[in-house]
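Enquirer: Use the sequences and the hints to build the structure in full.
One letter stands for each residue in the lines below.
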Amino acid sequence: MLSESARMSSAAEARFRIDAPNSRPRTIKVIALDQPSERVIKDLAQRQWNSATFFTATAFGDAPRKGESFAGWLSDLAGRTKNLVEEINGADLVVMVAKAGENAQAASIIGEACSLKRVMTTALVLGGNSISDEVLSKTLAQLRPWSLMLVIASAEEYIADMLTALRA
Amino acid sequence: MLRKEQNDLLTQTGPGTPMGRMFRLNWVPALLAEELPENECPPVRVKLLSERLLAWRDTQGRYALTDEFCAHRGISLWFGRNEDNGLRCPYHGWKYDHTGQCIDVPSEPEESGFCKKIKLKSYPLIERGGILWAYMGPPELQPPPPAWEFVNVPREQTITTKRSQECNWLQALEGGIDSSHVSFLHRGDLNTDPMFKGAKGNQYNLSDSRPFFEVVESPGGLYIGARRNAENGNYYWRITQWVMPTFTMIPPRGDHCVHGHFWIPMDDENCWTWSYDYHPTRSLKESEVNAVRGGKGIHVTTIPGTFRPVQNKDNDYLVDRAAQKAGKTYSGVLGFGMQDASVQESMGPVVDRSKENLVSTDNGIIMMRHRLLRTLKAMENGETPPGIDLAHQRVRSAAVVLPPDQPFKDAAKEAMIAKPGVAPATV
Ligand code: FES
Ligand SMILES: [Fe+2]
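Residue numbers (the numbering used here), protein chains in the order written: chain A, 1412 to 1579; chain B, 131 to 557.
Please keep in mind that the hints were generated in silico from the structure rather than gathered at the bench. Here the structure is a predicted model, which means the values were calculated and not measured. In this text, a Cβ means the ideal position worked out from N, Cα and C, and glycines have one as well. Accuracy of the hints is not assured; some may be wrong.
[Stated by the list, open to error] Subject to a maximum C-alpha distance of 20 Å in a straight line, what follows is the list of computed SDA-like cross-link-like pairs (lysine to any residue):
| # | chain 1 | residue 1 | chain 2 | residue 2 |
| --- | --- | --- | --- | --- |
| 1 | B | 539 | A | 1424 |
| 2 | B | 458 | B | 477 |
| 3 | A | 1549 | B | 541 |
| 4 | B | 485 | A | 1549 |
[What the hints assert, rightly or not] Derived list of chain B stretches under chain A, where covered just means 3 residues or more per stretch with a C-beta under 8 Å from a C-beta of chain A:
| # | stretch |
| --- | --- |
| 5 | 444-458 |
| 6 | 468-480 |
| 7 | 526-540 |
[Stated by the list, open to error] Each pair of labels, with its calculated beta carbon distance range:
| # | chain 1 | residue 1 | chain 2 | residue 2 | range |
| --- | --- | --- | --- | --- | --- |
| 8 | B | 433 | A | 1454 | 53 to 63 Å |
| 9 | B | 476 | A | 1503 | 19 to 29 Å |
| 10 | A | 1453 | B | 384 | 47 to 57 Å |
| 11 | B | 385 | A | 1470 | 47 to 57 Å |
| 12 | B | 314 | A | 1424 | 22 to 32 Å |
| 13 | B | 446 | A | 1549 | 49 to 59 Å |
| 14 | B | 446 | A | 1427 | 16 to 26 Å |
| 15 | B | 340 | A | 1544 | 21 to 31 Å |
| 16 | A | 1544 | B | 260 | 36 to 46 Å |
| 17 | B | 359 | A | 1503 | 18 to 28 Å |
| 18 | B | 134 | A | 1488 | 24 to 34 Å |
Expert: Spelled out as C-alpha cells, the structure:
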C-alpha cells in the first residue's frame, strides 16, 4: 500500500490544497532616512499597495534628546507631520530605506521606537555595491543595531519586489 | 509571494524555457564518475533538465552523453552493446560513436553512406573532481571547465554524494539558503552529528537562536550572513554563498569539512541533490569519509544500487514520533539531509508560491528570486548570467568574528575567495 506521504505529496493531491486566504493584510510602514531614498520611495508610493504606507524622516535631521517626545518626528510624503510612535504602534513591519553614504542617524530613533513597541525592523541599503566599503561601513554602523534584517541591494526595484513578496 | 507566471518562469527548466537556458549555459553535475567505472561499462540512464539522456564510456575511455533512444525505432539504448568504440542498438544493430554519430546501419549497403545522415543529439561530458559534468547549451557558448574549489583540490580532500529528491529544484534551493530554519528543523543534531559537533561556533549558534541577518548581492549571486553576538561587542558571522543558478556553500564549523549543495533539475517535479564535503588544506580523515558514506552531515543513506534515500516518502521517511516528542529530532525525521528533503517534498512537486506568507527573515529567498528574475530579463538582451565567470566560482563560505561596524564583504573579503592551499576562515 502507498504510504500516506507518497499519496499526499503527489501533483494530483496538490490540487486539493484549500483555496482560501490564509492571511490578512499586514501593515507595513516604509520610511526613507535620507533625501535620495525619499525620491525612490515617492516613486514607489505611486503604485498600488494593499497595506504599505510611505513616510520620510529626512526633514527632521536632529534627533530628539533623551526624554524628548518622538511626536512630530515623521512626515508623510505630502509633508504633513506624523507621530512616529502612533504610526509604529499599529505596524507589523517597519522598513527603513537608506542610501549608502548618507546620514542614517534617524535609524536609531525609529529603531528605538520599534523595539519599545516590539515591531520587526528591516533596513534596505541602496547603492552599497557602488561605493567604498569605508563609506558603506558608516551607514551600516548606524543601521545594524536597529535592523533585524538588513539587505544591501544594487537595484532600486528590489524594494518593490520585496514589498510584493511580503504582500504589502 | 510569487505570481503564477513568475513561479512558472523560475521552476520550469525544460528545453526552450528561460530558466532552462540559464542552467544550460553552465556545466552541471550529471553523474558521479564512479557510475561509469571503466571503458565499455554498462551505460547509465540520466534525466537532466527534462531531457532523457544516456551516459556511457567507450572503448578508449571517452565519455558520451547522448539521446537515450535509438534513431531507428526508438528503443532505449540502455540495452545497447558497448563495444569497439561505439554503442550498438541490440534491436537492429545500428551503432553510434561517443558523439552520437551513427557509424553503422547493417541493413543498408555501406557504400550508400546512409549512416552519415543519422546522428543522435549529444552533449559534452567531462570529469572533474570525481563528478561527470554536462554542458547542454549552445556549443559556441561552452565555458571552461568548472572552477569550484571542491572539484579542484586533490582527490583525497574531497567527497561528493548525490541523491534523488522528489520535488522541484527551486524549493530545495530555497531550503539551502534559508538560514533561519536551522535553529528549528535541525535543532537536535548540531551538537551530536559527527560532521558538526564540537566547533566553538556551535556555542554562539545555540546561545543565540534569533540571529540578525544580512543579505548582500555578490558578483555571482548572494552572500547571506547570519550574525550573532560574540565576546567583547564583536559579532559572530556565518556567511553562506549562493552562486547562480544553484550552487550553495554552507559556512564551516571549526576544522570540520566545508560543505554545500547543487540542486539540478531532472524534470520540473524531481531534482538531484548533490552534496559535497571537502577541506581546502588537508586530506579527509577516514572517520569523515565513513561518516559521509554512512549518511551523516548533509549526506543521506541511499538504497543500495540506487540514489534514492532509504528514508523516503514511501515509508513516511521512517518518522519517529517518540524521538520527536523526546526532542531528539524536531520533526521526527532523522538526519539533516532527510529533514530537509522530507519537508521540501511535503510541499508537493511544485509549491504554489501565491499562497505563501513570507516574512522579513525570508529576504534571502526574496533576493535570490529577484536576482534570478532580473538575470532572466538581462539574458533577453544578450547578457551572460552571473555564475559562469570562473571568478564567481572561486568562492568560500566563512565563519568569522568581526568588529561591529564592518561590512563583511570587506572584512571577510579574503576569506570568501578560494585560494589553493590557504586555510578556511572558521570558528
Ligand atoms: S513555519 Fe515555515 S513552513 Fe511552517
Ligand atoms: Fe536544512
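Enquirer: Now tell me, hint by hint, if it's right for this structure.
Expert: The hints, checked one at a time:
At most 20 Å may separate the alpha-carbon atoms for a hinted pair to count; residue 539 of chain B and residue 1424 of chain A exceed this at roughly 44 Å. Under the criterion of a C-alpha separation no larger than 20 Å, the hint pairing residue 458 of chain B with residue 477 of chain B is inconsistent with the structure, at around 24 Å. About 14 Å separates the Cα atoms of residue 1549 of chain A and residue 541 of chain B, which keeps this hinted pair within 20 Å; it holds. With a CA separation close to 39 Å, the supplied pair residue 485 of chain B and residue 1549 of chain A exceeds the 20 Å bound.
With a threshold of 8 Å between beta carbons, the proposed coverage of the stretch 444-458 of chain B by chain A holds, since 4 of its residues qualify and at least three are required. Only residues whose C-beta sits within less than 8 Å of a C-beta in chain A count toward coverage, and the stretch 468-480 of chain B has 7 of them, enough to reach three; the restraint holds. Proximity of the stretch 526-540 of chain B to chain A, defined as three or more residues with a beta carbon under 8 Å from a beta carbon of that chain, is established by the 6 residues found. Between residue 433 of chain B and residue 1454 of chain A the beta carbon distance is about 55 Å. The supplied range of 53 to 63 Å therefore holds.
A hinted range of 19 to 29 Å for the beta carbons of residue 476 of chain B and residue 1503 of chain A is consistent with their spacing of about 27 Å. Between residue 1453 of chain A and residue 384 of chain B the Cβ separation comes to about 49 Å, which falls inside the hinted range of 47 to 57 Å. With their beta carbons about 53 Å apart, residue 385 of chain B and residue 1470 of chain A fall inside the hinted range of 47 to 57 Å. Between residue 314 of chain B and residue 1424 of chain A the C-beta distance comes to about 25 Å, which sits within the given range of 22 to 32 Å.
Between residue 446 of chain B and residue 1549 of chain A the C-beta distance comes to about 53 Å, which sits within the given range of 49 to 59 Å. Between residue 446 of chain B and residue 1427 of chain A the C-beta distance comes to about 19 Å, which sits within the given range of 16 to 26 Å. For the pair residue 340 of chain B and residue 1544 of chain A, the beta carbons lie near 27 Å from each other, so the given range of 21 to 31 Å is met. Taking 36 to 46 Å as the suggested C-beta distance range, the pair residue 1544 of chain A and residue 260 of chain B conforms, at roughly 38 Å.
Between residue 359 of chain B and residue 1503 of chain A the CB atoms are about 26 Å apart, so this pair conforms to the stated range of 18 to 28 Å. A C-beta distance of roughly 32 Å is found between residue 134 of chain B and residue 1488 of chain A, which places it inside the suggested range of 24 to 34 Å.
Of the hints listed earlier, those the structure fails to meet are numbers 1, 2 and 4, in rising order.
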